[in-house]
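Asker: Sequence:
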Amino acid sequence: MKAIEKTRFDTRFSKDQKEYFEYAASLGGFRTLTEFVIFSAQQEARNIIEKRDSFLESKKDQEIFFKAITNPPKPNTNLRKAVSRFNKTIAGK
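Numbered by our numbering, the letters in the sequence shown go through residues 22 to 114 in order.
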């Protein structure tokens with residue numbers, strides 16, 4: 022069985038934060054505050070990564086997205102008309 026390499030992460034909480042997190046940990050059935058913080062951080066990291074991955078799910082999606090951002094198409098007639106209407110209506114030009 023392969024040994025799991027561990028590393029250390031230190032942080033400081035305000036007294037109110039610590040009490041709040043300890044309360045949540047006890048309600049959640051966690052044995053320690055550390056267990057609760059690690060679980061919560063891992064869940065949030067998973068959510069962030071899943072949201073990002075679902076947005077740009079495939080390599081092809083990523084390429085299309087970044088190509089559109091780096092080489093945007095020129096405004097078409099409809100977009101130019103919309104800008105003109107906006108400027109007349111909202112901006113008073």
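Simulated from the structure, these hints should not be mistaken for lab results. Be aware that a few hints might be false.
To be verified - In silico DSS-like links for lysine-lysine, alpha-carbon gap of 27 Å or less:
id	residue 1	residue 2
1	LYS81	LYS102
2	LYS39	LYS27
3	LYS95	LYS80
These numbers were taken from a predicted model, which means no experiment stands behind them.
Asker: If a hint holds in the structure, say so; if it does not, say that too.
Answerer: Here is what the structure says about each hint:
Between the alpha carbons of LYS81 and LYS102 the distance comes to roughly 32 Å, so the proposed pair goes past 27 Å and is violated. Restraint check for LYS39 and LYS27: the C-alpha separation of about 24 Å stays at or below 27 Å, so the hint holds. For the hint pairing LYS95 with LYS80, the CA-to-CA distance comes to about 25 Å; that is within 27 Å, so the pair holds.
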